[in-house]
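Asker: What follows is each chain in one-letter form.
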Amino acid sequence: MTNILVCDDEKEIVDAIEIYLMQEGFQVFKAYHGQEAVESIKKNEIHLVIMDIMMPGTDGIRTAMKIRETSSIPIIFLSAKSQDADKILGLNIGADDYITKPFNPLELVARVKSQIRRYTMLGNIAGEKEKIYRAGGLLINDDTKEVTVEGEPVKLTPIEYNILCLLIKNQGRVFSIEQIYEQIWEEEAIGADNTVAVHIRHIREKIEINPKEPRYLKVVWGVGYKLEKQ
Amino acid sequence: MKKAEGKRPLKSGVRELLIFIERLFLVILSVTLALIFTNSFFQVSTPYGTTYHYGISPLEREKEFEEKEIFKSLLLGNMEQLVHYAAISHRLETAGEYDGKKEIDITQYAAVTQEGKEKLPAVTYYLDDLIAWGNYGFEHHTYKTGENKELMDYASSIEEYEVLKECLMLAAENLFENYSKYISFKEYCEGEKTNVKYYFKIPTETGELCYTNSKLEAGEKKTDDITALIGKESQRFIFFDPDKVQINTNTHISAKQLKGLFKGQEEVFAQGSKIWFWVEKDYPIADSFQTVKKQLEELQPYLQALEIVVFISALGGILSLFIVTKKEGRAFNEEGNIIYITKKSDSFPIEIWTLLVALAEGILLYLIFILLLQFKKGNLEPAIIPVFIGILAFTGNELGIRWYFSLIRRKKAGSFWSTTLLYLGGKRGREFITEAYENGSLLFRTWIPYLIFLMGNLILVLLGLGGVLGALLLDILIGVFLYQRKHQLEEIVEGIERITEGDSGYRIDTAHLKGDNLRLAIAVNSIGKGIRQAVETSMKDEKLKTDLITNVSHDIKTPLTSIITYVDLLKRENITNEKALGYLEILDNKSQRLKQLIDDLVEASKISSGNITLKREKINFAELVKQALAEFDEKLSQKQLQLICKIPQYAMMIEADSSQLWRVMENLISNACKYSLSGTRIYVEMETREETGNQKYQFLMKNISESFLEPESEELTERFMRGDLSRQTEGSGLGLSIAKNLVEAMEGSFKIEVDGDLFKAVVVFNAYEKISR
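First to last, the sequence lines map onto chains A and B. Residue 212 in my numbering is what sits at position 200 of the first sequence, and the numbering runs on without skipping anything. Residue 1161 in my numbering is what sits at position 304 of the second sequence, and the numbering runs on without skipping anything.
Only chain B is shown next, with the shape it has when bound in the complex:
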């Protein structure tokens, strides 16, 4: 009972509710995910003008702030600015202060930024002048150098002048740009604006120069002492020795990254420089570090809650979907058993549906992608994203779930394959070809496949070696196919032959036949069936007829017995009236004739209906003929018929029913007695004949007919055919027919020939064995 409970189909309301729950969970899930996504990104603007977009990877969630990628990025960003600032200030300052009277060799300066100017002469200007020119523009021929010379005075040629002029302009522009940065960075880098501190120790010709934005005093301290001091005071620190590309740090920044940071600054950070960076403990200054750390700390519990929501809604969605999936398509039939049903929409071709759903879902996914991209670029408000995502998830679910359940129902009801476009198309195509093939003209059925075969071969051969091999394979396959067809046809022909030979019960096995052959075999089988039925009916009819004739003959015989007996009694009365005696004689003759007719009738009908049992035994045909002739010895001499016998001495052994064969001979000889012209000769000849390798014994009897023999010889043997003739004579007319049927029943052959008045009867039997003597 409990098991049956589980197999029950869902009530429609419950199903809808479950689907709704599933959808609800999906929407919650996607909205939550969107929330997590949007909150994992935030922007950090730095005073030096760069805005950073950070996404927090879920993998980093448990890590400390200092371990996170964002910390590293912020640190690197700050360090880059600081190094840059240090480089600039190195150029613009003298002993830590801005020096407007600092002399700048423009050719050397340009060489720093541009290569291949070393050959140029040194041209020095005051820094102030250059910055002013860079700011306001200048005319080189009016402004003088530090040595109070014109630029033209330095140039040895007009080409060199042009190059120098270029250098001057470049240096002025570059210096002004650096000066602007210097002004704006000065406060950020040197003041209390960032938690990142630096300490650069750079050796000079005169001794050592120290750059720092910390309270750390410049002094003759040892490198390791400084590192230890900084390590103790800082949140995180980096010590870098550019000469050895050596790094000592507790951050994730590598030596390679630092090397990249200082590339191109070799002029500033001369050989022997030592570099320290560190982040102040507990971020006392309100900068990007402090902001990000605060934001992360606020987000942490919030994200965890969201994750739980994600987990629950995913679980709930899957569970409700699973239940509906399991129960989908089930229904009770009339007997209360469970069956699987489909809906009307389930006959819609699955391929088209799948394509449409895939297209729609693709569009939705693309929309989500666009949305997230725009959000990442910062073009969208974060609050909008979950709303949009929720709507899209709802729509996507609505589109997909119908398709999904249809798929499940089809699969369960077993109609999945049969509703596909491929199947329907294939079926239609097959039907079309079959119809075209079966109803098409002979021309279509024979030439079209042949042409396709030829074309296929031609195309394949033109494709090259692979094609030739393909064509060979194709030809072999077609050969095998043709052989099979021929083989099947042969089976059918064999079946036809067997039916023709009389085995009307034979049926061709149609199980493996196809196409034309199948149609042919079915037709042959039905013909065979028809023949069998006809034969059976005819046998039955013949049997009934024989029974009828036999029974009637018994009934006729009883009164006939009385007639014959009383005619005989009458004859015993002493009747003297000649006429009366004559009449009595006729009565006697005719009643005897009637008796004979009845016996023959029964016999003939029995033999022709195959209703006799033959006792086949080995007998001497010649002996039997001699015995038979002896029986008619007197009758022959009564009619003055001379018998001319030519019977060999050796035994002619045949297999036959001796008493039936005697009857045949009796009929033939008595016929000869009755119908031969009085005073003529009857020839009886027996001989051995070789026919197609078989030894046969032949009996031949010839006599001259008394009356004109009109009918064809074959008709002589037909029952009841003799009509007028038989009425006048003493025989029943059935004798020859009986003889023929008997001989044929014993597998011999019986033939009558008429040549004018010459009547010939031929009986041939197969020899039982070779001549024994």
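In isolation and in its complexed conformation, chain A is listed as follows:
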């Protein structure tokens, strides 16, 4: 049984999240302010925390810092603050994910699952063969041509597979549309329209929870695409 702590000063939101998580078979602990969350973590064996930032008393940021003093469990911020600066701050102080309000409940559940998997799978991967490429939760087995995201198999077309393979083999490196085209199609990129870009978009839709905010395959605007080094 996985225990999740949900902390928000808005009771209705906590209740709604509880419904979704319980449907997925998680045990939910509830807290309505930062102090309560810290105490709950001390009392119970909590595996993941979903927490608001703007709360009366101790706010989410300070609560997260306090949790990080003793624990390394995944923390997902759930906040109305949608600015980039807010997200960067949240992730920098030790949160593992940041979801803006109003959120898509399904996305929330998917992200929770992703964090749990990663947390529990950590260090479990051993005896991997050479032909297996990995970037965080993304796994490519070049022998079997199988692609899994956090254990879930993903179906890709051959071109999509080749592109993803190219990127995962060169994690962190940015490929321009031209470069990708030349590598995959093995011909000069004259008149190459946005085919590559469309393919990448399709890959993103298949491997990412929210394609608009990709975690793996990222768009470097005006330069190209890359697979984030995890």
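Computed far set for chain B versus chain A, every beta-carbon distance over 10 Å: (1) 885; (2) 912; (3) 1007; (4) 1104; (5) 1117; (6) 1203; (7) 1225; (8) 1226; (9) 1318; (10) 1349; (11) 1380; (12) 1531; (13) 1532; (14) 1549; (15) 1550; (16) 1561.
Capping the alpha-carbon separation at 25 Å, the derived lysine to any residue pairs in SDA-like fashion look like this: (17) 218(A) - 1429(B); (18) 99(A) - 1449(B); (19) 1400(B) - 95(A); (20) 23(A) - 1426(B); (21) 99(A) - 1403(B); (22) 1463(B) - 112(A).
Here are a few chain A residues that sit away from chain B, every Cβ distance over 10 Å (derived from the structure): (23) 143; (24) 168; (25) 169; (26) 196; (27) 218; (28) 225.
Quick caveat, the hints were computed from the structure, so don't treat them as lab data. Built from N, CA and C at the ideal position, the CB exists for glycine as well.
Fit chain B to the supplied structure of chain A, relying on the hints for placement.
Answerer: Same frame as chain A, but now just chain B:
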């Protein structure tokens, strides 16, 4: 403390006392001086009718009487009389006695006094006859000559007769005059009436003639012996040899003076004459010498005392004046510090005062001058002079001292220059000109100086070469002046340009500006200040507005989250009611729309208030457009929109914030997706353009609008403008506005064009560098 004592101002009573002392001393001084002056002059009357006025120079005071100028004058005066007497007696006497029967040749006699009668025949008369005729008048034809002849008998013509007659009359008159003098001088010169003695030795045909008024016997003594004898017996002596113009004396009389004395007497003092004069020892005879010597001896101690008085009073006067001068104008202020003050009268124009004082003092000096002149002429009693002088000195001091102290006070208080008529007049004149210039009409300000300039040139040129040079200099100076004015104006224009360009903090340095330029610069500065304040206020307001919008949006998002979540939960309930499901779908759509609106609102307000930070980096504009288009691949095909791309293969490197530029493209393309007529084509064209030497990259997107595009293109980009349109469709209406603001923040240009149903969006950026490939 002691030092402070010295700086103290005088008490009013002490000051008045000191001034009184000063005045008193001045009066004493002037009265004493007047006394000295009046006593330095005295008159000496001589028996022979001349009155001498003598002034004793202070330089001669210590000299002995015999060394003084007065002694010399008296001696010369006496000698002159004696020589004169000797000459007369030589003519009237024979062997030392008056000889009435002496025959006088009138033509020869007249020749002595009148020249050019030598050709006339000798006509002799008896002395007695001539003197009698001179006295009582005569008729020449009745009186006979010594030869008992008529005058007519001598004349060869009537002209000669007339001349002879004239000679006769002249000789008679002259002889009578000389005779009168002879009679009156005889006692003075020969008797015991003067201390001056003479001894004349004159050679004659028969031997030697001696004239003297002394006891010295006439004899065959040698010249040097006589000189030695006289030198021993006399107070002072003179020996004179007219032939050699040689003098031996112990007086200050020179040979030249003696020569002058004997001029015209050559007939009497014939060649070989020897002359001695001397003054008797100790002045035994009561004459002018004795009187003057006595008077001088009486005056000597008296004058010395007066001189001491002069010295003391001068010193005292100066000292008291000095003290008052030093302390004048000083006063204590409320804190007990020393300040310099002026009196009410000190604001009276100094020039007028000076003029009045000078006039009054001049009159006083003139009065003194007149007084002394009259005294010298002997018209005034000596006793009156000091009294008058004292009164005049008092008045002069009274007039002058007020002026003097006012001058001192002005100088100390530093108001000397500012109270002058020149300054006041200059100031008034300046004010008048400035006022006339500043308030005058444009005509006055421009044409009058120009006319003055022209007239000045004309007048100078008419004056000749110097004037031409002067005019040239004047023109150069005016040229320099005009250049400076223009230079100043240029600075102001530069300032205006800088303010116009947005540097509202710029201020024109007004320190060296004048006149119109100064006024202009001050006005420009205040405009700049106003702009700056307005900009600052507006920035602040925008920031506040953005903060407000951001905070409110956070508050709205919380209940919205609940709405969205619970709508989703409702959808998960197995609702079979079709209507309910439809309502739920609307709720879902609209709540999602609300979410989008809130995000756009925050974004738009942030961008428009300049509240975003841009991460400028080098990116490929073409690549970004391709990526962006790929993102909308599905949406476009959903609406059956065909995308026609014309994007060059080469990289279009620009400097921009990539994620913000993505947002711009996202807005533009999603707009095209939303509002394009289904089944039409969307054209995307990118190209390089050369504009005024700069390389630019242009993005152009064209699509056919689904609904009628009413508003002007520019209004499309205005926030909240879309009103009715936005209500019906899915966008917030802020997309274009956000895109435009972002592009402009990145120094690009954003333009919307509407041509019928054709909607065109153009985004242009400067090339980061030349085409790299």
